[in-house]
Amino acid sequence: MFESAKFIISKLAKDRTSLVGACLIAGLLLIALFAPLLAPYPQDVSEFHPPERLLGPSMLHFFGTDRMGSDIFSRMLFGARITIAIAVIAIGVSVLIGVPIGLIAGYNKNWISDGLMRVSDIFLAVPQIILAIAIAQTLGPSIENVILALSATYWPFWARLVYAETRSALTETYVEASIALGASPFRVMVFHVLPNISSSIIVRTTIGMGGTILTAAALGFLGLGPPAPSPEWGRTIAESREFLPEAWWYATAPGVAIFLVVMGFNLFGDGLRDILDPRTRRSHDG
Amino acid sequence: MGDSLLSVENLHVSFSTENGVAEVLDGVNLSIQTGEIVGLVGESGCGKTTLARSILGVLPKNSAKISDGSIIFDNQNLLDMKDQDIARDIRGRLITFIPQDPFSSFNPVFTIGDQIMDLMKWKYSKHESPWFALRARKKERENNFQRVLELLQTVQLPDPEGILRKYPHEVSGGQRQRIMIAMALLPEPRLIIADEPTTALDVTIQAQILKLLKRLARERNVSVIFTTHDLGAAYEICDRVTVMYAGQEAESASVDKFFEKPRHPYTKSLLGSLPSKSGGLKGIPGQIPALINPPSGCRFHPRCSLASEDCITRRPQVNWPSDDHMVRCYHPKIYD
Amino acid sequence: MRVLVLILNRLLWFIPTLIGLMIITFTISHVIPADPVAFFAGDNATPEQIEALRVRYGLDKPLHIQLVNYLIGVTQGDLGVSIYTQRPISEDLLARLPATMELTFMAVFFSTIVGVPLGVFAAIYRNSFLDHFLRVLTVSGLAIASFWLAILFQLLFAMELQITPLQGRIDGWGPESITGFFILDSLIVADWDSLQSALSHLVLPTLTLAFPAMATIVRFTRAGVLDAINSNYVLYEQAMGLPSNLIIWKYVLRNALIGTVTQIGLIFGILIAGAVVVEAVFDWPGLGLYAVEAILNSDYNAIMGFTLVTGAFFIIVNLVVDILHGVIDPRTQA
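Protein chains in written order, with our numbering: chain A, 1 to 286; chain B, 1 to 336; chain C, 1 to 334.
Check before you lean on any hint, since a few could be wrong.
[Said to hold, decoys possible] If you anchor each label on the Cβ, the simulated ranges turn out as follows:
(1) C:Ile32 with A:Gly27: 48 to 56 Å
(2) C:Ile32 with B:Asp114: 51 to 59 Å
(3) C:Trp249 with A:Phe34: 50 to 58 Å
(4) C:Trp249 with A:Gly92: 42 to 50 Å
(5) C:Asp193 with B:Asp114: 43 to 51 Å
(6) B:Ser67 with A:Gly182: 52 to 60 Å
(7) C:Trp249 with B:Lys65: 23 to 31 Å
Since the hints were derived computationally from the structure, they do not count as laboratory data. Every residue, glycine too, gets a C-beta built ideally from N, C-alpha and C.
Start from the sequences and build out the full structure, keeping to the hints where you can.
Here is the structure:
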């Protein structure tokens, strides 16, 4: 296992775009972790200074101030925490729900697995954000509800993916052999099937982070995310609209932040996929 | 070699791969006369397919490099010609191709008829400029159609018209290969390059296809270069056989002499590894070498019981003894 | 004949999926909220109004009866009444539909016309400057938040350069309403002012919406063309000396496009998801803006109606794409 990890890391290091992606992700994590230390005005997450509203970028305020006079730079740093938290938890929960469901449905061949896949298909038949809006609206704007809405609409993706992979893994001889030798279903699923599909899951998780962050930001933009005075990036962009074009920095900072973070995950995920997923590798003609 | 139809001389081809540069063809020679059926035999990876593709000029552009040698076809060195000209005048006209896998070699989303007629339109027409092909008049199109039907009948396909309307996946493997043979004969070529044409087929069909190919080639006096790893198939239809090992040609002789009096140690081992009536299977100890860092000199020397100092230092030269049985070896077997 | 079988086959999947969607929206609106009635009545309802609604909507009946009533109602087109506009939601949605469809179709059209050739060239000239440039562009295109891109476009083109209108769908009343599509209607009645206004208002929203869609199309087309170029049949066509233009533009393209058609369903998903925020930014009077307004007004009924209609629309598009794919790909008729 560690052999392969070392191999993967060395290959990743050679791919420049993956490296850029990894750096961006690392940057995000560091900022989120050390936000209180890095922010010049950490108290501005919840305090207002109306006299200083809508000031342009300066040495005092790198990204200017917002409509309440708070330092945008500091707020953006704290916004990173929210973004990471939402994305990681939402994906984590949906994977934790979807993967077991996919394994069980893939392993069994009865009406339960058909039913589970049918339900997944229905969820997948509709764009995630549409259902997420409905759910978030019903529950009310908060960070927990955003996570809930995203998880509830994302688990079917994993269920379907793992189901398909499990089904094809079941046709592999080594799995048939272990079943023939009397291994319990649990054993087969966890110790034989799961390790082999884990690379696929890891790749999609990384690639899915980008999309999840965008969807979460969109929900924030629509007002369905954590309410004021939360420094969530999407929400900040929505707030900035009425002050354009004069206060251009107000919309630019959070937008660039979202862009860099999503780019990071996309680039890294792409690089990871090129290495881990042999099917997409194109062998040179020989 | 006198006035051969095709003469490959000292061809060096290399491929650049992730792990380094592989010397896939190390100064290979091959010649074929008009109307001759030459077999190119060897194990997987010996370079026979690369040689076939080199003659056609369809090596992967980004990774393959021809570093030396010449390919003389009809007194013209193909390596001196521009790719455009070769594509227009030689490929699909004077030299045609029968691929290994007839299934994936057909375009899956067009009918067979579509693909054959395109070939007729662009490669059979007697006109110089393709523009005339576009303006093929109705009469000419009808003639073309008739010719295609005739050819399909010649390869023993029932219901040629029905076949033209079908898609590749709707036709059986043997039928597909017959169509491929027909397509190879369509432009009235001088040379057909058949790259392991029966490997992808069922054993029972293989013999039929081989016999068909041989008969048609004879009738039309078309030369055939026939690559295969199946010695039996080579024996079936070839006039002459050249054997290759790890990018080097080892021996070349008429089919009888090749099978009865092989001279090269590798050929002897190859023939010796065929199951014999006395039972027992004899393999060749060792493994085919990787071509990135191949053995020096004669590449077979690590596995050859007769290997000597010379074999390791320098590859034996080409020599054509008077009995027309060429072998590149310092220790060929002598028969009396 | 086999087309008919194909359609029937797909319908077998389509109908339960649609019903499943209805069940999901039912669950979200009737099961999840603590008090569904208060949910429907809105934030400002009095206790008496809530009680009245409870009886009126049959929300005192057992859940499964409610579900049946709900399903029956929906299939008859009754999506409830908007708390905000006091009009039947189905009417509101129907009125807004043409605006969103016009925008979405323009985006699909634009992204395909531009994206497919770019994808083909990126594949043919693999690893060239164009290919690398496109790769950077497409990766970026998929990393930008649509609503932010919309705002950037507004900032640049409408506010700074002032070459396009800031928002809205048209200046003035628009052309006579025949189809509801401003461009078609303007052409039909030869209302050139309306046509010009409609087109200029379409520019920014279409560009914004098309951006991620184009990125996806370029990527998929490039992959499809590369696959085809590396295939055995292209090798055969080259070995037999067919002209390379013929190989690329007839043989390779058809194979690649068949793959791209199946991506249209994916594209539509991106577009519909993007439409919500893009319409919000550009004040485009379509379904998306309707949803945004409903969110702001806590108009829960309206949101449910919106979810159902957009979801159903998306499912239908995928059905059509599926059938289309079955028709044009001969391999599916095996």
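The hints, checked one at a time:
1. C:Ile32 with A:Gly27: 48 to 56 Å: Check failed, 38 Å falls outside 48 to 56 Å.
2. C:Ile32 with B:Asp114: 51 to 59 Å: Holds, since isoleucine 32 (chain C) and aspartate 114 (chain B) (Cβ atoms, about 56 Å apart) stay within the stated range.
3. C:Trp249 with A:Phe34: 50 to 58 Å: Hint holds: Cβ distance 55 Å, inside 50 to 58 Å.
4. C:Trp249 with A:Gly92: 42 to 50 Å: holds (47 Å)
5. C:Asp193 with B:Asp114: 43 to 51 Å: Since aspartate 193 (chain C) and aspartate 114 (chain B) have Cβ atoms about 49 Å apart, the given range 43 to 51 Å holds.
6. B:Ser67 with A:Gly182: 52 to 60 Å: holds (59 Å)
7. C:Trp249 with B:Lys65: 23 to 31 Å: holds (29 Å)
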